[in-house]
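Take these sequences, add in the hints, and give me the full structure.
In case you want the letters, here they are:
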Amino acid sequence: MYNVSDSHIFDFSRVTGPIHDWLTGFLPGWAATTVECVAIGVGLLLLYALLALFYIYFERKVCAAFQCRLGPNRVGPFGLLQSFADMFKILIKELICLNHIDKFLFALAPYLVIIASMLCFAVLPWGDGLQIIDFNIGIFFLIACSSIGVLGILLAGWSSNNKFTLIGALRSGAQMVSYELSIGLSVVTMVCLAGSMSVTDIVLAQGNGWFIFKGHIAAVIAFIIYMIAGTAETNRGPFDLPEAESELTAGYHTEYSGIHFGFFYLAEYLNLFIVSGVATLLFFGGWMPLHIPGWEGFNTVMDYIPTPIWFIGKAILLSYIIIWFKWTFPRLRIDQLLSLEWKYLLPISLFNLALMVCFITLGWHF
Amino acid sequence: MANIQEKIAKLFPAATFENDNSGILQITVADEQWHELAKNLRDDPDTAMDYLVTIVGMDWVEKLGCIYYLMSTRHNTMCSVKVAVTDRDKPYIHSVADLWRIAEIYEREVYDFYGIVFINNPDMRRLFLNIDWVGYPLRKDYDEDPAINPVSIENERQTDLTSVYKEEGGKVVKTEREIFHKDDFVVNIGPQHPATHGVLRFRTAVDGETIKKIDVYMGYIHRGVEKLCESLQYPQTLHFLDRLDYFSGQIYHHGLCLLYEKALNIEVSRRAQVIRVMMDELSRIASHCLFIGTYCMDLGATTMLFYTLRVREQILDIFEKTCGARMTFNYACIGGVMQDLAPDFADDVRALLEVLPKNIKEYNKIFTGNVIAKNRMEGVGVLTREDAISYAVTGPSGRASGWACDIRKLQPYSIYDELEFDEIVREEGDSMARFKVRMAEMEQSARILAQLVDNIPDGEYCVKVPKVVKLPKGQWFQLVEGCRGAFGVYVESDGSTKPFRLKIAPPCLPLAAVVDHITQGSKIADLITIGGSLDYIVPDMDR
Amino acid sequence: MEVTTKSMPYEAWKDNEYIEQLVKELQESGTNVIVGSFDKLINWGRSNSLWPLTFATSCCGIEFVSLGAARFDMARFGWEVARASPRQADFMMVAGTIVNRMVPVFRRLYDQLAEPKYVIACGSCAISGGPFRKSYHVAKGIEDIVPVDVFVPGCPPRPEAMIYGIMQLSRKIKVEKFFGGVNRQESQKEFLAKHPIPADGE
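Chains as they are written, first to last, in our numbering: chain A, 1 to 366; chain B, 1 to 543; chain C, 1 to 202.
Do not rely on the hints blindly, as some may be mistaken.
[To be verified] Derived pair list, reagent style BS3-like, types lysine-lysine, alpha-carbon separation capped at 27 Å:
#, chain 1, residue 1, chain 2, residue 2
1, B, 498, C, 140
2, B, 39, B, 63
3, B, 140, C, 140
4, B, 498, C, 134
5, C, 134, B, 140
6, B, 39, B, 7
7, B, 467, B, 262
8, B, 523, A, 343
9, B, 523, B, 374
10, B, 140, B, 90
11, B, 182, B, 166
12, C, 134, B, 470
13, A, 163, B, 523
14, A, 163, B, 212
[Claimed, not checked] Beyond 10 Å from chain C on every Cβ pair, some chain B residues (computed):
#, residue
15, 86
16, 98
17, 172
18, 186
19, 210
20, 264
21, 266
22, 420
23, 466
Because the hints were derived from the structure by calculation, they are not lab data. All values derive from a computational prediction rather than experimental measurement. Every residue gets a Cβ at the ideal spot worked out from N, C-alpha and C, and that includes glycine.
This is how it looks when you write it as structure tokens:
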């Protein structure tokens, strides 16, 4: 395991620690924890909103570049404020009250979706010492949380009392439940290599080489499967069947307006970030800077780049690949989608898991 | 044709024969013998009239009736049959929907416009107008008072029942039939839906994701062009054709102009003919470009649209320089074309021909070879040759099913017989074939352009035409090859300055009619694939 | 107050009198400073984020597609988020003829749009019936069916004209009032009172 304290990586607990000490200095323990929770919650919400808005802008610019266009460039410098304007508008847009629907579930669904993605934020390795909760089963918690999202989508489709949303939701349910298997298996493959489910341990284990290099063949296969399944999990093209515009108007969120729709819209981009964040964690070392064994000077320079930049930068790079998929490939059909998962991805990931276990027992990894 | 005439005269002594002004044999027969004659025309190997081009509903004031235009795919001959009835209140004609599948929807159209009821047609509903519509708009005595059929924001009344008229003991009996089964799960797709390419509406019975039956509703953009034409002078009728299939505007114009010129005996200068053909082929490329783009977008590959529109914009620029508009050109006119070519027309076309092959290569690289695209299109929506003919699916869609139906080759008009180009025919009949046919047709159109661009002859672009255009008494029929199939136009003149009847036979109506047939058993997503690959234009079918 | 948008001088706009009239009405009713600045923020958001409903019936719709393409690129203004569901769209570009049979569908779509909603009548067919005005089955302009904010003439209008039309709409939104008396919504309510929604709708 890589020894962080010896390196030049800035440990953010050096900042958070004194704050904690200062708070407990004049507040009772429970009050200090409450204040910290509130502060972190507010910070998280802010980060969440900012990241989502950035992602919306990012995707619009990237897609414009693929399509030989300019993309948003009128609102603010380089159109940077475009997604802010969109959010302002969505916030105050009318929430349409529908008749003949299950009002409680209808209102609940967008919150479920957004809470699911928000919970995942808690365990992402933002930087050295910047993790919000450091579970010993962090990666397991992450998979569990991300599965709540599908519930929200199913509820949204069901409670809208609309045939299009229902078809969209059922498609989504089938798709997400199936692809979660592949995600789970490729995560398990990597957990095997790391020997731990704790997010911090997984990151630290990659100190002298990211897993994609350490696990070579098996890790690359797991990475490819993870990226395919992750794209499907976020309902993005070529797996955007649940909201296939040309087939089902807007899929499961057809009937949602105003901020409820805004939640789905934000969650879509946040899930994109989470999927690429987890890929970063499992294959590209989380916040761990790029280390090449033997190149001490290079490693030291890399260490000086703050860890959150490493993490977010890697995640955005991986998101770029997923966005690239969306704007290049046509959409799959539902039966092709399911047969891809059950007939190809699942057997391959099972085989890959066995392969990884062989590698580990035989010591063929680096 | 003479021996056919003898043969039919022997079988149906009551039938009368004449040649209409376009030189097409017209058989007039009474309703009682019509179905038998139709069967004979279709099944007799000497006639083999297996393609029903169109049914022209007619109101001759004292009589109501239909003119059936038939074509033989084997002999490449045409004939027409005139059937008329005198009873205006209860006009009955026997249906031929059992012989030609497309007749079902053509007869519904005639019923909608003229109130002629077709006995034994399995689905005798209105096609374009609401079920509550009062009167039959194309009848000469139709009352156009808006108070009778007001614009209403009340939802239209809808029924799941359709009527069938059957002959029982010399009397016509009306029975009702359900369109869907009681326990069908019916999803309404359209008229406002991103994938229907306009305001077409499908009521789709589904079993899970599998389609059981589709009921097509049209008329959400029915603008009554045929009726409008009857109140306009001949040159004025032309401009509507830009707004039917707005991609084939040039070609439709060309077609109607050919008809008028034939009727008026006007010889068009060589220069005008070359210009017209070049414009036709340019718009064909532009149209196919947009098809490829929107089709890929329907399948989820949005980016393709932007690449194909790049070429389309270049063509629109060429049009704009000469015609002054991007879409509704109103360029071809009786006697030639409206204005002379822009000075740098030829250079622009050459520049286009240079970039086009590169672009087509790029499209193939991005999309055609893609595994997902192949899986989505291959074997989806297979239309056999027999069905294509029976459903009158012409154009690229028909040629993808192995039916060589290019009017430019079958009945060469203008200067097409001098030009070298291949008719693209594929045998598969699936969505992929329809896609590939259009890809290849772009190359053929480019080939035609390359032959013409360097030899545009000098001369006048428009010959002198009388100020007031009056067609002699008679009837004419003209077919041209639109971007989406055979476009037919029928004009009957009573000698005045306005057409007595102008019937447009659009290629897109059969394309929409065939959707139900080829989607059965496929998935909802395939409906999008199939609908996209047929590439219908809704204002064209609705008129 | 000069209402203009980025990189377009005030004098270049054609109908400044109309907007000035709107601004005058606004100033007459008087606005609180805090409320006024809130209004400004909201109007900034609304006017810069106009999501169209994908709604096209005929030729103009194809020009609308061209508007989205690389050459005219409406994404520059942030209009490219075309929503297929009316609940999430902000304005409706009525591109094409509206015929009798389409009227109920069209009106229903308008009713399904979430507030604030705007309508642009695009092309002569939507404005007056255009070349088909005399037809038995064409609505003579959509003005009688829904309240219209901007008219864009042409048959079909060029994409540049469409851009100008949507920019005019965005200019109109900039002088709207969210808090206090809402000038635009008043006229909308009046209109809807005159054209009630049928009982079985929605």
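Okay, the hints, checked on the actual structure:
Of the supplied pair hints, the one linking residue 498 of chain B and residue 140 of chain C holds, its CA atoms being roughly 24 Å apart against a limit of 27 Å. Distance restraint check for residue 39 of chain B and residue 63 of chain B: the Cα-Cα separation of roughly 24 Å lies within the 27 Å cut-off, and the hinted pair is therefore satisfied. Our distance criterion of 27 Å between C-alpha atoms is met by residue 140 of chain B and residue 140 of chain C, whose separation comes to about 23 Å. In summary, the hint linking residue 498 of chain B to residue 134 of chain C is supported, as the alpha carbons are separated by about 16 Å, within the 27 Å threshold.
Distance check on the hinted pair: residue 134 of chain C and residue 140 of chain B sit about 16 Å apart at the alpha-carbon level, within 27 Å; holds. Using a Cα cut-off of 27 Å, the hinted pair residue 39 of chain B and residue 7 of chain B holds, with the two alpha carbons roughly 14 Å apart. Our distance criterion of 27 Å between C-alpha atoms is met by residue 467 of chain B and residue 262 of chain B, whose separation comes to about 17 Å. For the hint linking residue 523 of chain B to residue 343 of chain A, the alpha-carbon distance of about 20 Å falls within 27 Å, and the restraint holds.
Taking the CA atoms of residue 523 of chain B and residue 374 of chain B, the gap is near 16 Å; set against the 27 Å cutoff, the hint holds. This hinted pair checks out: residue 140 of chain B and residue 90 of chain B have alpha carbons roughly 16 Å apart, not beyond 27 Å. Restraint check for residue 182 of chain B and residue 166 of chain B: satisfied, since their Cα atoms lie roughly 24 Å apart, inside the 27 Å limit. At roughly 23 Å between alpha-carbon atoms, residue 134 of chain C and residue 470 of chain B fall within 27 Å of each other, so this suggested pair holds.
Only pairs whose Cα atoms come within 27 Å are accepted, and residue 163 of chain A paired with residue 523 of chain B is accepted, the gap being roughly 16 Å. For the given pair, residue 163 of chain A sits about 16 Å from residue 212 of chain B by alpha-carbon distance, which is consistent with the 27 Å threshold. Its beta-carbon lying about 26 Å from the closest one in chain C, residue 86 of chain B satisfies the requirement of being farther than 10 Å from that chain. The claim that residue 98 of chain B is not at the interface with chain C holds, since no C-beta of that chain comes within 10 Å of its own (minimum 30 Å).
The non-interface label for residue 172 of chain B is consistent with chain C: the shortest C-beta to C-beta separation is roughly 28 Å, beyond 10 Å. Interface exclusion of residue 186 of chain B from chain C stands, the closest Cβ pair being 17 Å apart, more than 10 Å. Every CB of chain C lies more than 10 Å from the CB of residue 210 of chain B, the least distance being 23 Å, so the non-interface label holds. Every CB of chain C lies more than 10 Å from the CB of residue 264 of chain B, the least distance being 24 Å, so the non-interface label holds.
The Cβ of residue 266 of chain B lies farther than 10 Å from every Cβ of chain C, with a closest approach of about 25 Å, so its non-interface assignment holds. The beta carbon of residue 420 of chain B sits about 32 Å from the closest Cβ of chain C, which is more than 10 Å, so the claim that it is off the interface holds. Its beta-carbon lying about 24 Å from the closest one in chain C, residue 466 of chain B satisfies the requirement of being farther than 10 Å from that chain.
In terms of the numbered hints stated before, the structure departs from none.
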